[in-house]
Amino acid sequence: MPYREKSNLLALAAMLVAYVPYFAIVALTPIDAEPMPNLRLLGLFAAVSILRMVVLGAGYLWFRVRTPEDVREKADERDRAIDRRSIAVAYYVLIIGMILVGAIMPFTFAGWTIVNAALFAIVLAEIIRCIVAAVSYRRGWNG
Amino acid sequence: MAEGAITNQIRTLRFMAGEMSQAELGQKIGVTRQTIAAIEAGKYSPTLEAAFRIAEVFNKPLNEVFQWVKP
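If you're matching them up, the sequences are chains A and B in order.
Take 28 as the starting number for the first sequence in this note's numbering and just add one per residue.
Take 1327 as the starting number for the second sequence in this note's numbering and just add one per residue.
These are calculated hints, taken from the structure and not from any lab test.
Misleading hints may appear alongside valid ones.
As the list claims (entries may be wrong) - Simulated pairs of lysine-lysine, DSBU-like, Cα-Cα distance not exceeding 30 Å:
{"no.": "1", "chain 1": "B", "residue 1": "Lys1386", "chain 2": "B", "residue 2": "Lys1354"}
{"no.": "2", "chain 1": "B", "residue 1": "Lys1396", "chain 2": "A", "residue 2": "Lys33"}
{"no.": "3", "chain 1": "A", "residue 1": "Lys101", "chain 2": "A", "residue 2": "Lys33"}
{"no.": "4", "chain 1": "B", "residue 1": "Lys1369", "chain 2": "A", "residue 2": "Lys33"}
{"no.": "5", "chain 1": "A", "residue 1": "Lys33", "chain 2": "B", "residue 2": "Lys1386"}
{"no.": "6", "chain 1": "B", "residue 1": "Lys1369", "chain 2": "B", "residue 2": "Lys1386"}
{"no.": "7", "chain 1": "B", "residue 1": "Lys1396", "chain 2": "A", "residue 2": "Lys101"}
{"no.": "8", "chain 1": "A", "residue 1": "Lys101", "chain 2": "B", "residue 2": "Lys1386"}
{"no.": "9", "chain 1": "B", "residue 1": "Lys1386", "chain 2": "B", "residue 2": "Lys1396"}
{"no.": "10", "chain 1": "B", "residue 1": "Lys1369", "chain 2": "B", "residue 2": "Lys1354"}
{"no.": "11", "chain 1": "B", "residue 1": "Lys1369", "chain 2": "B", "residue 2": "Lys1396"}
Bound conformation, chain A alone (with noise of 0.2 Å):
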């Protein structure tokens, strides 16, 4: 497996451990009603953000040591293209959770609900583009 991918994986991976438990808390949560700066939302935030770039770091390390050579190579054209198709996907998915979230929840929601929401688009956007490049890189892409 060419080493672009499997760091894709690994982001993919480190995503889903760090935010699906976070998004899960804070959807069974009530928080609306806790004071702006909430501490406690804050803090569990900056846990998985932590936890993220631990899984990262350790990823990386791993194919570090077992295959020093792939980590040397650089991106080639396939690479790159299954990149802008990837980001090319992800801004849809993002640009739509922005509309969504600056434009039409503040109508009827406030406070902690919308930050959550934008990070959330942020996150889904971030696994979207990690989704489509891992199955460009397996199944293909020819455009």
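Chain A is already provided as a structure; the job is to place chain B on it using the hints.
What follows is chain B alone, placed relative to chain A:
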């Protein structure tokens, strides 16, 4: 848009070039072994530049390496 698919003779040409490996060919044209494997399998259509580079490695005209096949 015209329907069709790009096929190629890279596997055969590598065989005729003394069993050149995918890694060797990739190194010559500046892509990874996996990209050569994807091109051979029809999972990735290379850029025009890469296609010309591949043809140059085998000293063949482009249309002997890549073909456009209509369904």
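Notebook entry, point to check: Taking 30 Å as the top limit, are the C-alpha atoms of Lys1369 of chain B and Lys33 of chain A close enough?
Noted result: holds (18 Å)
Margin query: Hinted pair, alpha-carbon criterion (30 Å max): Lys1396 of chain B, Lys33 of chain A. Please report holds or violated.
Written below: violated (35 Å)
Notebook entry, point to check: Has the given pair, Lys101 of chain A with Lys33 of chain A, been kept, meaning a C-alpha gap of at most 30 Å?
Noted result: Since the Cα atoms of Lys101 of chain A and Lys33 of chain A sit roughly 14 Å apart, the hinted pair holds (cutoff 30 Å).
Note to self: Check whether the Cα positions of Lys1369 of chain B and Lys1396 of chain B lie no farther apart than 30 Å.
What the structure shows: With Cα atoms ~17 Å apart, Lys1369 of chain B and Lys1396 of chain B stay inside 30 Å; holds.
Notebook entry, point to check: Going straight from one Cα to the other, do Lys1369 of chain B and Lys1386 of chain B come out at no more than 30 Å?
Noted result: holds (22 Å)
Next item on the list: Decide if the proposed pair is consistent with the structure: Lys101 of chain A and Lys1386 of chain B, CA atoms, cutoff 30 Å inclusive.
Entry: holds (28 Å)
Checklist line | Restraint status (C-alpha distance of Lys1386 of chain B to Lys1396 of chain B at most 30 Å) | finding: Measuring from Cα to Cα gives roughly 22 Å; hence the hint holds.
Next item on the list: Take the C-alpha atoms of Lys33 of chain A and Lys1386 of chain B, compute the straight-line distance between them, and say whether it is at most 30 Å.
Entry: violated (35 Å)
Next item on the list: Compare the distance between the alpha carbons of Lys1396 of chain B and Lys101 of chain A with 30 Å, and conclude whether the hinted pair is satisfied.
Entry: Violated, because 35 Å separates the two Cα atoms, which is more than 30 Å.
Margin query: Check the hint pairing Lys1386 of chain B with Lys1354 of chain B against an upper bound of 30 Å on the C-alpha distance.
Written below: With a Cα-Cα distance of about 15 Å, the restraint between Lys1386 of chain B and Lys1354 of chain B holds, given a limit of 30 Å.
Margin query: What's the verdict on Lys1369 of chain B and Lys1354 of chain B, does the C-alpha distance respect the 30 Å limit or exceed it?
Written below: holds (20 Å)
Hint compliance for this structure: hints 2, 5, 7 are broken, all remaining hints hold.
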